[in-house]
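**Student:** Since the structure of chain A is provided, determine the placement of chain B with the ligands on it from the hints.
This is what each chain is made of:
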Amino acid sequence: MSTAKISLRQVRKEFVVRDEGNGPARRFVALDDATLDVRPGEFLTLVGPSGCGKSTLLDLLGGLTMPTSGQILLDGRPVTGPARDRGVVFQQYALFPWRTALQNIAFGLEIARVRASERTEKARHYLELVGLSAFANRYPHELSGGMKQRVAIARSLAYDPDVLLMDEPFAALDAQTRETLQIELLRIWRATAKTIIFITHGIDEAVVLGQRVAIMTARPGRIGRVVDIPEELNSGSDDVRSLPLFGRLRHEIWTLLREDVWETQNQSVAADPVPDRSRKEPVHG
Amino acid sequence: MDSLETSGLPLIPRRSRPLSRYAGLKPGTTTVLQRWLAGWLRRSWLVLVLLSLWEIAPQAGWIDSTFLPPLSDVLAAGWGLALNGQLYDNVTASLFRMLSGFAIAVVLIIPLGLAIGRYARLGEACNQLIEVLRNTAPLALLPVFILLLGIGEVAKVTMVFYSCAWPLLLNTIAAVKQVDPLLIKSGRTMGATPVQLFTRVILPAASPTIFVGIRLASASAVLVLVASEMVGAKAGLGYMIIYDQYSFLIPQMYFGILAITAIGLLLNYTLEAIEGRATRWKAPQGNV
Ligand SMILES: Nc1ncnc2c1ncn2[C@@H]1O[C@H](COP(=O)(O)OP(=O)(O)OP(=O)(O)O)[C@@H](O)[C@H]1O
Ligand SMILES: [Mg+2]
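First to last, the sequence lines map onto chains A and B. Everything in the first sequence is counted per numbering that gives the first Met the number 0, starting at 0 for the first residue and increasing by one. Everything in the second sequence is counted per numbering that gives the first Met the number 0, starting at 0 for the first residue and increasing by one.
Any given hint could be a false lead.
From the structure, some residues in chain A lie toward chain B, with a derived Cβ separation under 8 Å [stated by the list, open to error]:
1) 61
2) 82
3) 83
4) 89
5) 95
6) 96
7) 106
8) 136
9) 138
10) 142
11) 158
Keeping only pairs whose Cα atoms sit at most 27 Å apart, straight-line, the calculated BS3-like set for lysine-lysine is [what the hints assert, rightly or not]:
12) B:176 with B:281
13) A:121 with B:176
14) B:184 with A:121
15) B:281 with B:184
16) B:184 with A:4
Calculated directly from the structure, the hints in this document are not laboratory data. Here the structure is a predicted model, which is why all the values come from computation and not from measurement. We put the beta carbon where it would ideally sit given N, CA and C, even for glycine.
The following block holds chain A by itself, in its conformation from the complex (with noise of 0.2 Å):
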């Protein structure tokens, strides 16, 4: 057990919510019993239907809420908050308004109080690695939203984080761009062997990305299977996706998110507690 980077074990989340604007509040549980272990330097993807707690577990992974129960360790050490040892990025970009692109990517460097000419030069580099160098001086504004996403992914980079924690990092791209960033991504972790979790829709994304493959099921929100993916997968090659066993993997874990998928339609307009804010981009006063 000592040996895994991030270890989470029964790990429950409870939220109050009301089900009418002013009726009784309840607790619901968006988290339930969620055990894992995560290795160093691995990259582990995680996969499971709408609502079901994978943007709910990212921010306990990063210190942003705590568990209502059970533990979270961090280097055999439990979670007390957020640090610098992990980045985040978020599903809805989180990007500084009043900061153009190459000063949001400045941000972590200037909390840890770099030097300015330091700072710029690196904020430069991680620009250039998601491919925006000629937009450096844009305010998010004027990004698209998968410039936007690229931002926020050069942002969390910047600072040199353990642990990188990414929230459907991909999924506002072309599929183009997605699998340069995907190869990108992948290049990166093999040169600074960070341990890497990585949140997806994509049954794909996920296999070509995942050393394992989590498997999260909704109402609670618990993990259930966790699926090994062979290493030659991982490749980051364009011919992977042709390969029998990509096939074979892919219908795998299809087959056991579809029943999931399944209830979690049937149920969502009558039971969700909360509609799908997670979507939406955020709205700036």
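**Tutor:** Same frame as chain A, but now just chain B with the ligands:
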């Protein structure tokens, strides 16, 4: 927000301004000048019509010129006031009171609003008091201030301060509360300390709404100052207006009103320019 709309200048997106920048690029300078003039006319024709009416209506006898002298008479009276130094004295007296009350409010109240918005406990403690006080119209308190502070400068500056305080306080509190929690989350994941979070995330995110408060405060500063100068003062534009009315110096009175309008416009333009600089990152507003 309503009062912002009606407080004078519309919130014009600053897109139409720097035409002169293209002057070197365009073939003919005259066309640029013409276009600038055309733009200016498009925006100002209603005001021009109103001013012309002001000149024509009394001249033509549509209105009794004793009560509404033509604009040219008013301006001539203003020239007279400028020459004999009265204008200078009254304008500086008013400006001093207005700007000092306004500035003190900005310096003291914005930090207070930031604290109240940030700390729920403090907000809870202050909430009712704020509700009660802000619904007490500043002008209703004028006699109280005069009673306590006399009719000197202190009473007037305090009045202005008091009337500026509420829009500033309420907007600043709202501004802090409205900051997108996701941005705070995002700052926290990058290890920002509470102080860093405050200065680098909450403050910039709140600044547009704080500016709304600043502009509302400036409008109420002018309003309250004029009213309090009318009640008890020996100088200032409000005093000048009421004194001229008593003395039946009607053109002078109208000129005083124009001077106050000019001060209001100037203040608003200045604040708009500062705001435009500070919030340049914002997506242009408006129904495009
Ligand atoms: N702050 C909150 N208060 C109340 N309920 C919440 C809160 N955050 C999340 N939930 C609920 O918890 C459940 C899990 O939400 P979460 O955002 O983790 O889903 P998700 O798996 O990330 O979904 P998606 O794939 O659509 O992003 C949802 O039913 C949601 O309504
Ligand atoms: Mg989510």
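**Student:** Hint by hint, note whether the structure agrees.
**Tutor:** Here is how each hint holds up against the structure:
1. 61: holds (5 Å)
2. 82: holds (5 Å)
3. 83: holds (4 Å)
4. 89: holds (6 Å)
5. 95: With Cβ-Cβ at 6 Å, under 8 Å, it holds.
6. 96: For residue 96 of chain A, the interface hint holds, since the closest Cβ of chain B sits about 6 Å away, which is under 8 Å.
7. 106: With a closest approach of 6 Å, the residue 106 of chain A hint holds.
8. 136: Result: violated, 11 Å to nearest chain B Cβ.
9. 138: holds (5 Å)
10. 142: violated (11 Å)
11. 158: Interface hint status for residue 158 of chain A: holds (7 Å vs cutoff 8 Å).
12. B:176 with B:281: OK: residue 176 of chain B and residue 281 of chain B at ~19 Å, within 27 Å.
13. A:121 with B:176: violated (34 Å)
14. B:184 with A:121: holds (23 Å)
15. B:281 with B:184: holds (21 Å)
16. B:184 with A:4: holds (23 Å)
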